[in-house]
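Asks: Spelled out, the chains give:
Number of protein chains: 2
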Amino acid sequence: MEYPSKLLSEIVDEISKLPGIGRRTALRLSLHLLKQPENQSENLSNSILKFRKEIKHCKVCHNISDREVCEICANPNRNHALVCVVEDIRDVMAIENTGEYKGVYHVLGGKISPIEGVGPSDLTIDKLLKRIEKGNLQEIIFAMSATIDGDTTNFYLYRQVSAMSNVPRISTIARGISVGEELEYTDEITLARSILHRVPFEKSIKNI
Amino acid sequence: MEYPSKLLSEIVDEISKLPGIGRRTALRLSLHLLKQPENQSENLSNSILKFRKEIKHCKVCHNISDREVCEICANPNRNHALVCVVEDIRDVMAIENTGEYKGVYHVLGGKISPIEGVGPSDLTIDKLLKRIEKGNLQEIIFAMSATIDGDTTNFYLYRQVSAMSNVPRISTIARGISVGEELEYTDEITLARSILHRVPFEKSIKNI
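Residue numbers (this note's numbering), protein chains in the order written: chain A, 1 to 208; chain B, 1 to 208.
No wet-lab data here; the hints were simulated from the structure.
No false leads were slipped in.
Below 16 Å or equal to it, Euclidean Cα-Cα: the simulated EDC-like pairs (lysine to aspartate or glutamate) are: (1) B:K56 / A:E38; (2) B:K50 / A:E38; (3) B:K35 / A:D88.
Just so it is clear, the structure is predicted and the values come from calculations on it, not from any experiment.
Given the sequences, and given the hints that come with them, work out the whole structure.
Replies: Next up, the structure:
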């Protein structure tokens, strides 16, 4: 499509580089900005630049942060001997939202995926092993996605961690039927896992 | 949702102000930028700021443009006595893409919509009437959407233009069944219009 202006063509090019946004949507968004006060575009532009230039990764857990060490790792009220290993920053936010977890995290930055060409060295696995080496961890929780890549990562990590000299307790988040889900509509693998990993009844009602 | 960083919270706030983009999508887009080279974010940021600050509206037709007068209005090969009135900049682009139109445009900047509180004074109707007053136009084509608001705008414009002393020819784009559409599935109003506005057969095959 021909654009009536080079400036418009440029902004559409840039916005449509974002995932899931095509050129038609990019055009709609650009023209929307024209109808809004100029400072909205200024704020948007500044926040993008500032975010990309100034954001840091926590040097302990690799979560994104405004400082060298993130708020969670810097919080003395959290249990620093309990580490939850997650794929992504969004997983940290999801678990934090439950309000149930008082330990700290380790963000891998992805999962092992032979198809997408992501190997163990692309993730922060060596940093995790170094955290374990220091010897003051009690438990590591693997909280990966319930996908093939998630399982591959789980298995790889388990082999690495269990081969170390000072092995902390290793656990993985429970997989089973979701709250609100009906048995009839649950897939077989999930249902099978929820039977295999059944918990004592008294334990299950304690957390309701 | 709690964000682990103020910078992240700011960029999500700004991106989610765009129409059709929620906070979850804004978060996904922000984190995507982190994984891309820094200059992609710089280019995006710059193009937004530049577009909003430097874009002009053509002083003749009100299309957006990099200059005072847009490329179409400045083109001596176009027929400047033939003006197509459209609602929006995107309509100009759509008609230009057909490659069939050699006249010029007038962009109203919207349509009369009592529900959305858009009245005639919010549009560039007075500028259109001034263009007609100059007396060198031969024909005006109304190319509004086939909606109630489009029809309202059509009717209002027709009354204003036909009341002037030097009335050019006034026409409106044809409404009928779309190319490729089957009669059976066409709604009654469209089908009725396509019968009422039937064209001589010889004329219809000329443009195939």
